[in-house]
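I would like the entire structure built from these sequences, with the hints used as guidance.
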Amino acid sequence: MWFHLLGKGGLVYIPEPLCAFRIHNRQQTSLNRTYRKGELEGIRLFEKYSGKEEPSFWVLRAMRFLQLYDLRKKRRKNANNQQLQLELDKIEKTLGKFWYGIFWLRHRVIRPLENLRRWLEKKTLPGKRYLD
7 MWFHLLGKGG LVYIPEPLCA FRIHNRQQTS LNRTYRKGEL EGIRLFEKYS
57 GKEEPSFWVL RAMRFLQLYD LRKKRRKNAN NQQLQLELDK IEKTLGKFWY
107 GIFWLRHRVI RPLENLRRWL EKKTLPGKRY LD
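Residue numbers for the sequence shown follow the working numbering, beginning at 7 and rising by one.
These are calculated hints, taken from the structure and not from any lab test.
C-beta: ideal position from N, C-alpha, C; glycine also.
Mixed in with the good hints there might be a few duds.
[Unchecked claim] Each pair of labels, with its calculated beta carbon distance range: (1) ARG50 x ASN121: 27 to 33 angstroms; (2) THR100 x TYR19: 29 to 35 angstroms; (3) PHE27 x GLU98: 36 to 42 angstroms; (4) GLU127 x VAL65: 31 to 37 angstroms; (5) LYS128 x GLN89: 35 to 41 angstroms.
[What the hints assert, rightly or not] In the DSS-like style, the derived pairs of lysine-lysine whose C-alpha atoms are separated by at most 25 angstroms in a straight line are: (6) LYS103 x LYS128; (7) LYS99 x LYS54; (8) LYS79 x LYS99; (9) LYS103 x LYS83; (10) LYS96 x LYS79; (11) LYS54 x LYS96; (12) LYS54 x LYS79; (13) LYS80 x LYS99; (14) LYS54 x LYS80; (15) LYS99 x LYS128.
Structural data, given as structure tokens:
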């Protein structure tokens, strides 16, 4: 739904909540989380909406790397999920070992610097996060 709305126009953030939801165990979100139905939803959304505007060569591969990296972390927690393994195989085939290695190395170098930047921003400008 959000991708559809963003495709129609811009995004505006206001701090006041426009609605509230009651949270309970029989809620669909809770049931989906229990049965792990939403684990692959991000991949399906990416495949559906990435074709709308052609991302650049680097952006497309970076997005595929992040999907693959995240799915591999989830696979460690849930090794028996066959659907997850099928999605992993599909993304690995489209990205390739060479590009995975390049982006993995980039991730390992940049991640500590990003963490440091976020920590410094939090310490020096605590209100800045809400102004972006």
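Taking the hints in turn, this is what the structure says about them:
Roughly 30 angstroms separates the CB atoms of ARG50 and ASN121, a value that falls within the hinted 27 to 33 angstroms. Checked against the hint of 29 to 35 angstroms, the C-beta distance between THR100 and TYR19 comes to roughly 33 angstroms, which is consistent with it. Against the hinted window of 36 to 42 angstroms, the Cβ-Cβ separation of PHE27 and GLU98 comes to about 37 angstroms, which satisfies the hint. Restraint check, GLU127 to VAL65: a C-beta distance of roughly 24 angstroms breaks the suggested window 31 to 37 angstroms.
Roughly 37 angstroms separates the CB atoms of LYS128 and GLN89, a value that falls within the hinted 35 to 41 angstroms. Taking the CA atoms of LYS103 and LYS128, the gap is about 36 angstroms. The hint is violated against a cut of 25 angstroms. Taking the CA atoms of LYS99 and LYS54, the gap is near 18 angstroms; set against the 25 angstroms cutoff, the hint holds. Among the hinted pairs, LYS79 with LYS99 is consistent with the structure: their alpha-carbon atoms are about 18 angstroms apart, no more than 25 angstroms.
Proposed proximity of LYS103 and LYS83 is supported: the alpha carbons are some 23 angstroms apart, at most 25 angstroms. Between LYS96 and LYS79 the alpha-carbon distance is near 16 angstroms, which keeps this suggested pair within the 25 angstroms criterion. Under the criterion of a C-alpha separation no larger than 25 angstroms, the hint pairing LYS54 with LYS96 is consistent with the structure, at around 15 angstroms. At most 25 angstroms may separate the alpha-carbon atoms for a hinted pair to count; LYS54 and LYS79 meet this at roughly 23 angstroms.
With a CA separation close to 18 angstroms, the supplied pair LYS80 and LYS99 stays within the 25 angstroms bound. Simply put, LYS54 and LYS80 have alpha-carbon atoms about 22 angstroms apart, close enough for the 25 angstroms limit, and the pair holds. Between LYS99 and LYS128 the CA atoms are separated by roughly 39 angstroms; this puts the pair beyond 25 angstroms, and the hint is violated.
Going through the hint list in order, the structure does not satisfy hints 4, 6, 15.
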